[in-house]
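So the chains spell out like this:
There are 2 protein chains.
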Amino acid sequence: MAARPFILLSNDDGIAARGLQALALHLSSFADICVVAPDVGRSGMSQAVTSALPLRVTPYSAAGTDFPQYSVSGTPADCVKLALHSILHRRPDMVVAGINHGSNASVNVLYSGTMGAALEGCIAGYPSIGFSLVNRTLDADLNPYLPWCERIVRATLRYGLPYGVALNVNLPRREVQGIKLCRQTLGRWSNEFDQRQDPWGRDYFWLTGTFENLEPTAEDTDDAALRNSYIAIVPTKVDLTDTEMLHQMQGWTWE
Amino acid sequence: MAARPFILLSNDDGIAARGLQALALHLSSFADICVVAPDVGRSGMSQAVTSALPLRVTPYSAAGTDFPQYSVSGTPADCVKLALHSILHRRPDMVVAGINHGSNASVNVLYSGTMGAALEGCIAGYPSIGFSLVNRTLDADLNPYLPWCERIVRATLRYGLPYGVALNVNLPRREVQGIKLCRQTLGRWSNEFDQRQDPWGRDYFWLTGTFENLEPTAEDTDDAALRNSYIAIVPTKVDLTDTEMLHQMQGWTWE
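Protein chains in written order, with our numbering: chain F, 1 to 255; chain R, 1 to 255.
Hints listed in this document are in silico derivations from the structure and should not be mistaken for laboratory results. Some hints here could point you the wrong way.
[Claimed, not checked] Cross-link-like lysine to aspartate or glutamate pairs, in silico, EDC-like; alpha carbons within 20 Å at most:
(1) R/Lys180 with F/Asp239
(2) R/Lys180 with F/Glu255
(3) F/Lys180 with R/Glu244
(4) R/Lys180 with F/Glu244
Computed from a prediction, not measured in an experiment: that's the story for all the values here.
Using the sequences and the hints given, assemble the complete structure.
Pasting the structure below:
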């Protein structure tokens, strides 16, 4: 690694989002930075990729920053793919997504465009981290979190990550008590739709819902850590194989 | 379970796709069916959900079928969520996605809208299966595969699946030699963009690429099974935690 590491940043809230710009600016104190992020907010995009439409890349500038930035007319995963293939002139030392405005703990990791970007960096072979704040308020005070993000980035650069593993880092809403390594909480969303009628009497449905922690007394989960105001780090892998079930299923017959 | 099981079907190629309609019609010989699928093709949508726009539901009819069908103006995961919450009048015994036109083996599972739908059914607590055919030709002959899909559906109804595990089933391009239980191949896409210029001299980028199997000599992977003309079944879980890495990281310091 060069004296100054080179970090690719992306997100899913769009290139103008405060979480991304604040983190990029903070990390630029010790790292070379390139930002490649969606032109508009693309939350909930998971690891979606765009194949039916071509992608456009547009230089972007933000006051007070002097590192290169590009907006892309695609998903977070598209941004990382396109950055690594066509935009960056050298290999990054790390891919970082976020800070996302809203939790990506528990099952949210699966819907998260932020983690879609981080997992994309991971598949491409780079140490990758997604940062998310358990607070959807767009003007939340990010300053207390930035030194923690720096610590986690520096440690990950130092120790490295094995191929196929990224870090899902969630930042608690209240004052940070420290860092906990966790497993992903078993959970799901319920009561997910708000049904309404348009002015012409036709139904439409808004996605909404309530998060349901299916193991509320467990203490080693990301949800538990966050409730206790710890930063939750879950090492998150791209191999979804359930090895235990693979063994169990050897007894199945297929008549 | 009732004498006739009740199966919810979805996909990501859109409600009119042959793979979905052929599978729904075949399964209707022994199961009650409801189809809830995207109004148009939404491949590569992963487990994306739609929160920035409301969703619309429209009844759909296909010649030769008499089970209820609805198209939804959203992603595959939206379809399953909306079906379970607002469309179905009773709980299904199973959620099935596919048959997808194209492979969802190896890392494709992460980008797949078909598997997004199956994992959504899984999170909601239903035995769920995604079927995909390693052949993107839209008029591929599906008939040889339908009895195999039925066998896999019947076995899964019989044995059940634990919470948090769905089946990723890929069907080989050539004549089926049998079924193999596999793990997800470590792989990635490379050379992913085709850069072109529009008539006004501006660049645009098409997603394309070559699949790269990172463990080409392994024999227990889905990619290996498919190359040998076996149906590849990977039990696929929604908990992405890398437990081994979680232990290793206990030694990290965060200075």
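Tested hints:
no. : hint                   : result
1   : R/Lys180 with F/Asp239 : holds (18 Å)
2   : R/Lys180 with F/Glu255 : holds (14 Å)
3   : F/Lys180 with R/Glu244 : holds (16 Å)
4   : R/Lys180 with F/Glu244 : holds (16 Å)
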